[in-house]
Every structure is written in structure tokens, then in C-alpha cells.
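Novice: Assemble the complex: chain A is given as a structure, and chain B must be docked to it using the hints.
Protein chains: 2
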Amino acid sequence: MIMLKEYDCWLQKRKITAGINVPDTVFAHKGGEVSDRAVKEFVCGIDRLLGFKPKVSRKIAAGKSGVFLGLVSGMKDAPECCGAKNWDAKCSLSENGFFIKAAEKQIFIAGKDEPGLLYGVFRFLSLLALGLIKNVFELCDSPVSALRMINHWDNFDGAVERGYAGNSLFYKNGGFDFDRQRIEDYARLLASIGINRVSINNVNVRANAKLLITEKYLKDAGKLADIFRRFGIRLLISVNFGAPWSLGKLPTADPLDEKAADWWKNRVALIYKYIPDLAGFLVKADSEGEPGPFQYNRTHADGANMLAKAVKPFGGIIVWRCFVYNCVQDWRDKNVDRARAAYDHFIQQDGAFDDNVILQIKHGPYDFQVREPVSPLFGALKKTRHVMELQITQEYTGHQIDLCYLPWVWEDIMRYDSAHGEKSSIMELTAKREEGLCGIEGFSAVVNVGLDGNWTGHTLAQANLYGYGRMAWNPAVTAKEIAREWSALSFGLNETARKIENILLKSYPAYEKYNAPFGVCFMVTPNTHYGPNIEGYEFSRWGTYHRASADAIGIDRTPSGTGYTSQYSPKNAALFADPSTCPENLILFFHRLRYDYKMKNGQTLLQNIYDTHFEGYDDVAAMLEDWKSLENSLESEVYNSVLSRFERQLVNAREWRDQINTYFRRKTGIGDNRGRVIYD
Amino acid sequence: MIMLKEYDCWLQKRKITAGINVPDTVFAHKGGEVSDRAVKEFVCGIDRLLGFKPKVSRKIAAGKSGVFLGLVSGMKDAPECCGAKNWDAKCSLSENGFFIKAAEKQIFIAGKDEPGLLYGVFRFLSLLALGLIKNVFELCDSPVSALRMINHWDNFDGAVERGYAGNSLFYKNGGFDFDRQRIEDYARLLASIGINRVSINNVNVRANAKLLITEKYLKDAGKLADIFRRFGIRLLISVNFGAPWSLGKLPTADPLDEKAADWWKNRVALIYKYIPDLAGFLVKADSEGEPGPFQYNRTHADGANMLAKAVKPFGGIIVWRCFVYNCVQDWRDKNVDRARAAYDHFIQQDGAFDDNVILQIKHGPYDFQVREPVSPLFGALKKTRHVMELQITQEYTGHQIDLCYLPWVWEDIMRYDSAHGEKSSIMELTAKREEGLCGIEGFSAVVNVGLDGNWTGHTLAQANLYGYGRMAWNPAVTAKEIAREWSALSFGLNETARKIENILLKSYPAYEKYNAPFGVCFMVTPNTHYGPNIEGYEFSRWGTYHRASADAIGIDRTPSGTGYTSQYSPKNAALFADPSTCPENLILFFHRLRYDYKMKNGQTLLQNIYDTHFEGYDDVAAMLEDWKSLENSLESEVYNSVLSRFERQLVNAREWRDQINTYFRRKTGIGDNRGRVIYD
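For the record, the sequence lines run as chains A and B.
Residue 535 in numbering that gives the first Met the number 0 sits at position 536 of the first sequence, with consecutive numbering throughout.
Residue 174 in numbering that gives the first Met the number 0 sits at position 175 of the second sequence, with consecutive numbering throughout.
No wet-lab data here; the hints were simulated from the structure.
Check the hints yourself; a few may be wrong.
Note that identical chains are pooled: a pair holds if it fits in a single copy or bridges any two copies.
Here are the simulated SDA-like pairs of lysine to any residue, each with C-alpha atoms no more than 20 Å apart in a straight line [to be verified]:
#  : residue 1 : residue 2
1  : Lys222    : Ile182
2  : Lys333    : Ile677
3  : Lys333    : Arg664
4  : Lys14     : Met0
5  : Lys597    : Asp617
6  : Lys333    : Glu654
7  : Lys333    : Val676
8  : Lys333    : Gly670
9  : Lys52     : Ile15
10 : Lys333    : Arg675
Bound conformation, chain A alone (with noise of 0.2 Å):
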């Protein structure tokens, strides 16, 4: 019977056999306070994995038997046989990089920074629990991307928006209210993968929200940023944009004004006050209702510079998203493309933004749909800082009462080619690092926790937010790689986990087939953005139509239709252009067809929707059954609570196939090629 402390994700208490023999003395500097969590984890993960505590000693003892801990730059005291400076240049670690070797009766950890340090401890002691270290082992890694952050849409009233786990970590009743052990705990599952950047509140900046950047508030900020500090963890603050306006009293907040920019520069001056090492604004702007630039004709360039230059004395940035389009669109007009808006209104402005201004590109050209192609302006943005903006809450993705194991679509996004010149992928442009050109500087995401015991609602969906955490640090690690970590460390080396693993796997496959077909996008229930309503946006104001005729579906993207498919590099751009190279899972993203066209698999398109809609039902109930077969290996509570949404992912399941396959039927009047049953 494998026990789960389900609170503690992928740091279970579980008493492991070592490949090597682990000191009982650590070594280690007094040092900052992320060093010393460091020397604590370490010491708490020797002992939940081996049952011992190794003692901490602060007087490195050269020569002898031991765990030594510390900073590149702080190895000297360190035997000689550590080769600490060999190993700084062997590696050339970046920030939040660290080397781990194992010797026979010495073990080194050492960071290139503190938050390096506190990562090494927490791989080397994943890597222990994933029976990886053996003997002599020798490792060093850095992040490829420097910024990892998090995302939260929490409200001062407690709600998470797109949460499924329960309410908000940080807030209760319009203000903070938060559980400091809850609070560390947390920090520490975030460190333990990487993650160094989280930011506190909803982009929507809302009622009670607006004045968290008043002292009345700022003083809880401060607390929730000194327990992240201690993980290495730098928060964000969202904020409103006609906050000159809306909470300085001024006439405007136009970016050009220069009352507006010094409103910004005293507020800034207060924030700090409170939290010195804040990382920054992230900034919704004219988007979905928010206010921005637009509203007194300037740029986007012109906002976000204003604020760049207001935190730029403090070494702050401005995260600046680029999810702006118009939402309230005439469905009857085809000449606007929502698919166009962000490299339409972002490409123009390439290097007008100020060098400590990031741009936060969500992953697609629409809104975290299960299939979209990436967003164009990877690749092409050139001399604009950014990041790219995932979503781990599973807003269009199950609502963690489904499974959907998100790495799985991540993976294609990391390996996705922009096409603009060599090395382009979007992994290999995170890595990239030229003078003068800007890569893609790391990953933000929505996070998909809240006060459930479990923190992510479906326990399994935890992977998601272990997944991220690895990818963010390094895109080329595999969705396979991933879920068999996260099913090792959760559940321990055995069967069940491997068998879990397999779950994971299976998930996204199912998850796309009985979801919107090819890649077509929203037809899902309006608001709630939980099961199907096949025409539930089609006439709405939100731009993201479908068109279905009795004849065909789609919108053409084509040069000869919206044009969307010019903004890719001309690689691309061909490619998506000619149904015959576009991506089958993408065809009905970037092209009108008739229900006949045929696929490559020689069926029709109508044909191929009927079928991937009977196979991803039929892969639940096989998930299903697969997870049934865990009943005598997993303790109840845990086989049940997953059960019971397994359950539900099957009606929901049952109602995709079903309303996708009718909605079908009815406008073509042709049924299913294999006699399956399709209502009427």
C-alpha cells in the first residue's frame, strides 16, 4: 500500500535505499538566509528519504568525511579535491546555476548564488529519492531561463478566477489573510523546482485590489514577500494602469503626462519601502476592459516605459502583457482577426520598450485553448525583452476535474521551430544569448493551487505544476521525462508509479480528442470554460468564430482569408498556408474546409472528428479502468478522491463526444462511416 501525504506533492517522507553512503556531518558557512533554508533542506531531506539528521557544522573541516555546502565563490575552505574552481569553469554556470559531486566519503553542493545553492540541494535530493546517484556522480546545471515566474489570479475576496483548487493562499474577505506555515510550505514547493518569481495578485486589478499598493496593504506584502525571500523567491505586484486616475485622484493616467509618471515614481518609492527586492509590475493593458495607453492614444511602449522608468532606481521590471486584442468584436465582421492582434499591435513597437521592460506573450495566438499554434511573435520579436506566458490552471483544460497532463503540449511548444534563421525553436531560443538581440528570457504561467488540501484540486495534477517548474528551468527536458520524475518522487519507485506515469501520458491525447477538433478552438461553455457548447462563442463579442456551415468549418488564415498565416517567417508561413504541410491538429486553426476534405489517414474530415471524438471518450473510460487497477495499491483516500474525478471526466467526456458528434450529424445529415451511435 503506497502512502500519499498528498500536501507534500513531490516531497514525500519515504524511506529510500542511497546509491551512496551520506555523511552525517554538513558543512557549511553561516550564510544568507536562502543559504541557510538551503542547509536546512538538505538536512530535512536527508532525513525523510535516509531517517537521520546530519548535523550542521559551520567550520569546514578540510579532508574529512562530509556534506559540504556553500557558494562557488565560498568552496575555497573546501577540500582540495572538490576542484570548486575547475568545476565554476567546467560548467560556466549562469544565475541560479550549481554543481553536485559525489565522492566516496564527500558530498558538494555548491550554488552559484544562494538561490543556486538552495536548488542543488533540492535536485541533489530528488535525484537521491529518484535512486540517480550512485557512487561517483558529477553534475551541473543552470537554468535556461532566468525568469521562472508564477502567476496568480487571486482576488482580495478570496476567489482564485480560473481556480479549481479551492480559495486563495493569500487573501480572504477583501484583504490578506494567509496561513504563514501554509505560506512557507508553498514557497518551498515553488523553490524546490525553481520557480524564482511569483506574482501576488490578479492581472485583473479589481475592487479592493487596486489598493494593495497602499500602505494599508503593502505592510501584509511585505510579510508574504519576506517568507518567499527566504526561498529565493522575488515577488510581483499586478497593477492597474489608471491606478493616477482611479486611486491618485489625478484627471489621468496618461502615460505621457507628467503628474501620471510621478504619481507612479512616489508610489514606486512607497512599494520598496515595503518590499525592497520586489521584482516588479506586471501589467494588464487595454485588455478585456482593463484600462491602458489606448485610452489616451499612446503606445503601449509609452506605458510600459513610463512604469520601467518609475521601478528602474530600485531594479525593478515591468512585465507587460501582450494579451490585447478587441473584445468586443461583431461576429459579423470577418475582416478583424483576434488570431492577429498580439504581433499586430506588438511588432511595430519592437524596441521601443526600455531595457527593463519584459513582454509577457501568451503561448498562442488566443488563450490557452488545447491546441493552438505558437504564437508569431516568437522568434520575430528581436530587440524586445520577453517571456512566454503558459497556464497551469486548467481553465480550458478540465478544470482539474479532467486529466490533462500539460507538459505533453508544452513539449511541442518548446520544440516548435519560429523559423526565423538557425537555432529557432522556442527552447533554442530560450538558450540563446547574442548581443543585441533579445531571447525568450524564461516562462510565466497561471498558477493552479488554492487552499485544497491537495493544493491543485485532482491530485494528479500536481504533475502540472512539477512539470512547469522543470520546463521553465530547462525547455528541452521531455513531458515523459517529467512524468516519470513526478510519478517516482510522489509515489516511489514501483509499479504504481510507472502505471501512473502511463496515466499521465495518455491524458492530453484523450483530453484533445474529444475536445474542439484540429485545432479550431472554443467550443466550450461561455464564462465557465467547462464542457462543450459548440456555438457558445459563436456570435459573441469575443472574436474566436468557427463558422460552421452545413458545408464546411473553419476560418481561412490563409493570404487569401484573415492573412494571419504572413506574420510567421516565410518557412512557416508556406507551411501553414497549404493544408497538405499544415499540422493536422492545426488545420482547422489556419484553414476553412469542407467536411469531406479528406486527411491524411484517407478519411474524410467530418469522419476523422466522429472518430478521434469516440476514441478520446473510449481513452477515459481505458484511464479509467487503469486507474481502477490501482484500487489495492494506493490507500483510499487518495484512490478515491481521483476516482470520483475520473467519474466525472467520463460524463464530461460522454457529453464532448456526444454534442460534438450530433452538432455534426445535424449539419451534415451524414453519420458515422462504422455505424456508432450519433443522436439525432
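Specialist: Below, chain B alone, put in the same frame as chain A:
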């Protein structure tokens, strides 16, 4: 320039020229509080119309010039010329009836009872304002229906379910909170149109409203009752059938369980201590999630009779709603037809209910749609007391944004012949008094008022409240008569009022044209019920489907389909079951038809859908122009507030027109045969 005090509705202060001499002395015995209110209303009414306040004398001076107000039974003191006794015999006044007689120097208004006197006074004042009382005038009138009820769907938090005119008049922040003067003004408005029963809380009895029947809240409910009582209005309370369990902490609310029955008896005794003349309870049981006798495998008669026995000693009634249907239907299942539900549930129990139980039956089988057939229960139900439920609040008819003059369709309902024997139209069934048989005893309606300054949000929606009162009093009154009366009472006897009257009369046909076509129902946005969402209910649990395919639309409810038509009298069953005799405005309620079905005008069904939707929009545009022509005749506040609603209505009508037309064009591939724009 016509000044309108919107708050005063149809009881405007407006100087008129009286068609008779109104003496300056009122003779009236000191009576009960309703009689005294009648005298007061007469004096105030003369003041607001003629500009003087008659003095009141308690000493009847026979033979004198004067206004004689009293009960028929008390008129023996009045001058001989009155012939009170003869009048009574001549009119055969029933409960709440009155007679009015005007001679050269004397005016007599006598009620069969105190409310009758009050109604007589209000009627006299209306007729005076309308210029219909000249020199010698005689009128005797009794209400056709005994029960003329208003239902409030007001919640304790102050929100009004399906309310579009501001928050509740009664509640705020979880309990009673009302302005006594406002309630008095409201009661006066209701009394002026003959309303005699008001249920004060939402039929969905949830949250704090469950505590309404506890001492904490009954005190305030009693104060409310005190105000209404002075206007001849008795209250009803909506109760939660599960109260013995949820409130009384008994193990069950089973109606056949003695402890549950006893709990109700005790509770009723408590309630009547605070409201000695409470009319009774209104109950929504086993409906949309509310508890009911089905939970205990008991019948609705079991449930209603148990409550009926509890209120019987106090003269109370149980008004029991027949809105009982399966609200978790599977859209795949074509064997269940929600339209059948009320009849199926209740016809079998005809005669099983106690004599103080009154069934409240929605006018149609669905739920207040823009066009539904009349419920087959009317005329069929013989041995159970019952009333018809209408809806004044514009849930499905435009949220008091769109103008939709409801008496237009109520007139159709009143004139619908159930064909159950002789004189079996709704208005005849209402008038029917036969030994051992139950006609329709009256009407109940969800009201459209709230804290808005004009009571009803849309000022012209006051006409719907007025019209309801008039039709509940006498279902034979026509929509045109009511529109004329209301317009003249509100705006005066002038050309502007006539124009407004015409706008009212156009509004229902316009709304119906741009809405769901030909009785197909439910193409409205789920939950809010405003604006189109053509497939919004198509795959939902609510049982209201149109099942539009590429070829056909509608539900076959004939014997070859769900058999719903067979619930009607043989004559109507045959009428509805044959598309060639079925009224065309209901043809898609009863039939599934191909789009090329030829309608009586020679055009196809599809073309008729297009035509009505183009026309509906054009009608609204014309109404807007009609309204604009009144700009100089109306004060700007009223003009502009109504104007802005017409402008919003035009946007809504455009959405309905275009979404419906596009939907069907996409389905069929066939455009408009007159080449008008239908978006693809």
C-alpha cells in the same frame, strides 16, 4: 409638455375637466380601515384630478347634494334615489364588487364589502380621469376572479430573481428592510387595480428566507401585513417544503409523518399569531431542486393536503405550484417531453386535493415563453381548485429593456378555447360557477417591480402591471382597451398618449417576430434569458430542445411523436396535431417541420423565419422613430430614459435577427429570397 411623475404610475396628479359636477362633501360612516382608506383615496383623488379636497361628513344627510361612500349593506341611510337595495339585486354583486351611480347632485359609490368600496373609488377616479363619467352614469362591477395575486420572487439579500427594476422593496442584507411609505404607495397601486393577494418572498425559499417563518422575521412580516391590510390585500408566504427537516431538525419532512405534520401545525399557529389574516402559503415543491413530497414517495396531494390541514383552522389556503418537471433531462432522450410534465403529474390527482388547496398552473407547458400553447390542464381539471400563473416581470420578454406589452398575449390566452364542453375558453372558465366543478378562480403573476424610481425599470412596463390587474379582475377586457386606459391615465387625454398606446400595441408582435420563431421556444441565452443563443439550451438538462438539423426543426408532439397533443380535449388535440389546422404561431411547438414546409402565406417555413426576423427588427426601428417623434411632447427625463431603452432594444433585435437568420442560413445553405443581408 407632458409632465409625468413616473413614481405615481397611473395615479397621476393631472388637472382634468370633469364630465360631471363632483359635490364638495363626502358622506361616509366611520368604517373599518379599508373603508376609511377608500374615503381617503376619494378625497385625495379628487384633489389630484380636480384640485379641491371634499370635506368628509360622518353624518349621512339624506337628500342632500354629496358623495355617498359606503357598503351596499350600509346604504340604507343614503338618499332614496340611490335605490341601494335594488342596485344590489340588479348587479348581483359578488365579493369585492361595487356599484357607482352619478346623478346631477349626488354620487354614490358602494362596495359589496370594504375592499369593494375601495375598488369602486379607484374605478370612479379612473373613469373620471378618462372622461368617461358624464352627467348620469351607472356602473356595477364585480371581479370575475376571486384571487388576484401578485408573486414576489424577492430574496432576503435584496436581489429579486428575474427582477429588472432594482432591488427588493422588502428585503436587504439578509432580512426585512423596507420603507413604510414606499410599501404603502405600492399597496395603493396594487389596490387601485384590484390586486388582493401578495406573496412576499421567492418561491425558491433559500438561505435566510427559510427563517421567515421564525419569530425573528415574523414580527417584520407582520408589519408588512399591517400596511397591505389597509388596502384590502392579504399576504402569502412562500415556504420550503423541507422545513420540518431543515428548520425543525426533524429526521424527515415526509407529509405522512405525524411529527412533520405536527411541526407544521405548531409553526402555522406561530405564524398566525403575527399575521392573523395571512392568506396562506405558496409552495414550489419538487421543482428545480426544491424539496417536495416525491422525496418521500408521496404524491403532491399528500404534500399539499398536509399543509392545507395545518392552515385550515385559520382560514388559510395552500397555493401549490404545478411547475413540476424533470430538470435533469438527458438531451439524447427523446421519450421525455417536458411539455407533458404538469398535466402528467397533476391530472391523475384531480379531486385528491383538500378544498383549501389551490393549484397554481403556469399558462403554458414550458415557462413563460414569448409564445406557448395554453396548458392542457385548463378545462381538464374539474375537481381541484386552481389559478393561472402569468409573468409580469419580463424574464423571457426583454428584461424591461425591450418594450413588450404583455396584455397583448394575455388576451390570446384569455380567449383560448380549451374545448372542454360549452363556454370553456379561459375567460369563460374563470367566470364559471358550477356546483361541484372548479373553474379558474383567478390569477397569479410574478411582478415586475423593484426599488427603481419608476417601479418597473422601463417606464412603459408599468402598463404590464396595470394590465395584469385589469385582466385578473376581468379577463374579457382587451389589450387595446387596457393600452388606451393606461396611456391616458399616465399621459393624459391627448395625442401623445394615443401615440404611446400605439407603440405599446406594436411592441408584442415586434418582440415575437424577432424572437424564437413560431412557438419553437428557448433560443435564448441560458441563465440570463436575455438575447439570443440559438443552441443555448440544445444540449442542456432543462428539457427544452428544438433539435434543428440541416433539414428540419421542432419537436413532433403529435401522437406519432411525444403525444403531448393528446393531453388536450379531442377537438384541440386534433387541431394541434394537424399542421394545416395548428395555429402557425405555435406550429413549431407542436410539429417538426422541414424548412421547405409551405406556410399559409405560400412561403416556406425558412423564408417565413427570415421575413419575421427582418420585420421584427424593422418594427423596433419604427417604434424608436415613433418614440423620437414625441421628444417635444415629453419632459426630457422620461423621454430620454425610455429612448435609451429603445436604443438598447434595437441592438438586441439586431442580434436576434442576425443570429437567427445566420443560424438558419448556415444550416440550410439557403439565403433570403428577397436578397436581404444575411451574414454567413
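Novice: Hint by hint, say whether it matches the structure.
Specialist: Now the hints, each set against the structure:
1. Lys222 - Ile182: within (11 Å within a copy, 51 Å between copies)
2. Lys333 - Ile677: Answer is between: at 13 Å across copies they meet the 20 Å cutoff, but 32 Å inside does not.
3. Lys333 - Arg664: between (26 Å within a copy, 17 Å between copies)
4. Lys14 - Met0: within (14 Å within a copy, 89 Å between copies)
5. Lys597 - Asp617: Result: close neither inside a copy nor across copies, 24 Å intra and 44 Å inter.
6. Lys333 - Glu654: For Lys333 and Glu654, only the inter-copy Cα distance (16 Å) is at most 20 Å; the intra-copy one is 30 Å.
7. Lys333 - Val676: Between copies only: 14 Å across chains, 36 Å inside a chain, cut-off 20 Å.
8. Lys333 - Gly670: This pair counts as between: shortest inter-copy Cα distance 18 Å, intra-copy 30 Å.
9. Lys52 - Ile15: For Lys52 and Ile15, the Cα distance is within 20 Å only inside one copy (15 Å; across copies 98 Å).
10. Lys333 - Arg675: between (36 Å within a copy, 18 Å between copies)
Of the hints listed earlier, the one the structure fails to meet is number 5.
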